[in-house]
Structure formats: structure tokens, C-alpha cells
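Work the whole structure out from these sequences, hints included.
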Amino acid sequence: MRKIFTFVSISMSLLILGLLTFTQVSITYGATDNGNRDPLSLYLKSPSVKAILDTIAYAESTLNDQGYQTTFGFQYFDNLNDHPRRIICKEFKGDWLCSSAAGRYQILQKTWDRVARKIHAQNFSPHEQDRAAAQLLLENNALARIAKGFLSFGQ
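If you count by our numbering, then the sequence shown holds residues 1 to 155, one letter each, in order.
Any given hint might turn out to be false.
[Stated by the list, open to error] No farther apart than 27 Å at their CA atoms in a straight line, the calculated lysine-lysine pairs in the DSSO-like style are these: (1) Lys-50 x Lys-93; (2) Lys-110 x Lys-50; (3) Lys-148 x Lys-50; (4) Lys-90 x Lys-118.
[Stated by the list, open to error] Using C-beta positions, here's what the derived DEER-type ranges look like: (5) His-120 x Arg-85: 15 to 25 Å; (6) Asp-65 x Leu-108: 18 to 28 Å; (7) Ser-99 x Asp-78: 12 to 22 Å.
Rather than coming from a laboratory, the hints here were simulated on the basis of the structure.
Keep in mind the model is a prediction, meaning the values are calculated, not measured.
Even glycine gets a Cβ: it sits at the ideal position worked out from N, Cα and C.
What follows is the structure, given as C-alpha cells:
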């Protein structure tokens with residue numbers, strides 16, 4: 001009985017500290033009314049979510065004015081009606097790397113197609129790219145925790 005109590009006490013302490021919670025959020029998508037009622041758009045207002053998205057863009061080397069219009073290999077595109085759908089190959093340390101990654105978060109075409117359908121993205125605009133990145137965080141049970149300010153590393 002003592003071992004069970006100790007485990008429950010430790011678990012409750014971790015839960016209270018927000019270290020053990022993995023909140024899964026379910027979102028219903030529909031008309032966004034210019035993003036005002038869209039739950040993903042609401043999450044994008046969180047300073048913590050903005051910071052994580054900026055961190056991802058920094059890691060992808062797209063934290064700049066043209067980040068939303070950057071493809072793999074640092075080529076640029078102007079048409080934001082859809083993912084550019086280009087596979088670009090670059091030589092890196094003697095090997096060729098090819099990717100369809102595009103936008104601020106370097107989202108692959110296949111991933112974009114799946115996520116865009118799910119969130120009813122209208123185009124590949126900066127707002128839709130941000131919503132797609134938030135959806136990917138949501139799918140990995142991270143969005144709610146990040147929005148609440150719970151960030152932990154190494155676990």
C-alpha cells in the first residue's frame with residue numbers, strides 16, 4: 001500500500017507541476033470567419049506558440065522576410081495559392097538531397113496536402129502556413145502545453 005501511495009503522490013505532484021500532463025486537444029474545423037473563430041488561429045495568438053514557431057523558422061533558416069516563400073535549397077516563389085509542389089535537389093557534402101519542403105516551416109508537399117485538407121486551408125499564405133504548423137504541434141500533443149507555457153526538454 002505504501003508503494004502505491006508514494007507513486008500516486010509523486011504522480012500527483014508532477015501533474016500539479018504540469019510535468020506529467022499530455023493534453024490532447026480535439027478541434028473541430030469549419031468556417032473560419034477570417035480566422036476569428038478558428039481554434040488554431042486562437043492558439044497562434046499565444047506568445048509561447050509564437051515563440052515556438054519562430055524557433056522552428058530559425059532552425060529552418062526561414063526567419064526572415066521571405067521565409068514564407070522559401071523552398072528547400074533557398075529558392076523563392078511568389079505564388080501563395082498553393083504549396084509550390086517542386087522537388088528541389090541540392091548537393092550537400094558529396095551527396096544529393098532532394099525535397100519538396102517549402103514555406104516558413106519547410107513543410108513537405110505530402111504533409112501539406114494532408115494537413116491542408118484537415119484544417120480546410122484556402123491557400124499557402126503565411127496565416128495558413130502558421131495554422132498548418134500549429135496543427136502539426138496539435139497532432140503531436142504539444143500545442144496546448146506550449147500555449148500554457150509548459151515547455152520541457154529532454155523527455
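Just to be careful, I want the Cα atoms of Lys-90 and Lys-118 compared with a cutoff of 27 Å; is the pair within it? 31 Å, violated
Range hint 18 to 28 Å: satisfied by the CB atoms of Asp-65 and Leu-108? 23 Å, holds
Do the Cβ positions of His-120 and Arg-85 conform to the proposed distance bound of 15 to 25 Å? Roughly 19 Å apart at Cβ, these two residues keep to the hinted range, so it holds.
Checking one constraint from the list: CA of Lys-110 to CA of Lys-50, max 27 Å. Satisfied? 24 Å, holds
Note whether the CB distance of Ser-99 and Asp-78 lies within 12 to 22 Å or breaks it. About 20 Å separates the Cβ atoms of Ser-99 and Asp-78, which means 12 to 22 Å holds.
Please verify whether Lys-50 and Lys-93 have alpha carbons no more than 27 Å apart. 33 Å, violated
Would the pair Lys-148 and Lys-50 pass a check requiring their Cα atoms to be no farther apart than 27 Å? Since the Cα atoms of Lys-148 and Lys-50 sit roughly 12 Å apart, the hinted pair holds (cutoff 27 Å).
The structure is inconsistent with the numbered hints 1 and 4, although it conforms to all the rest.
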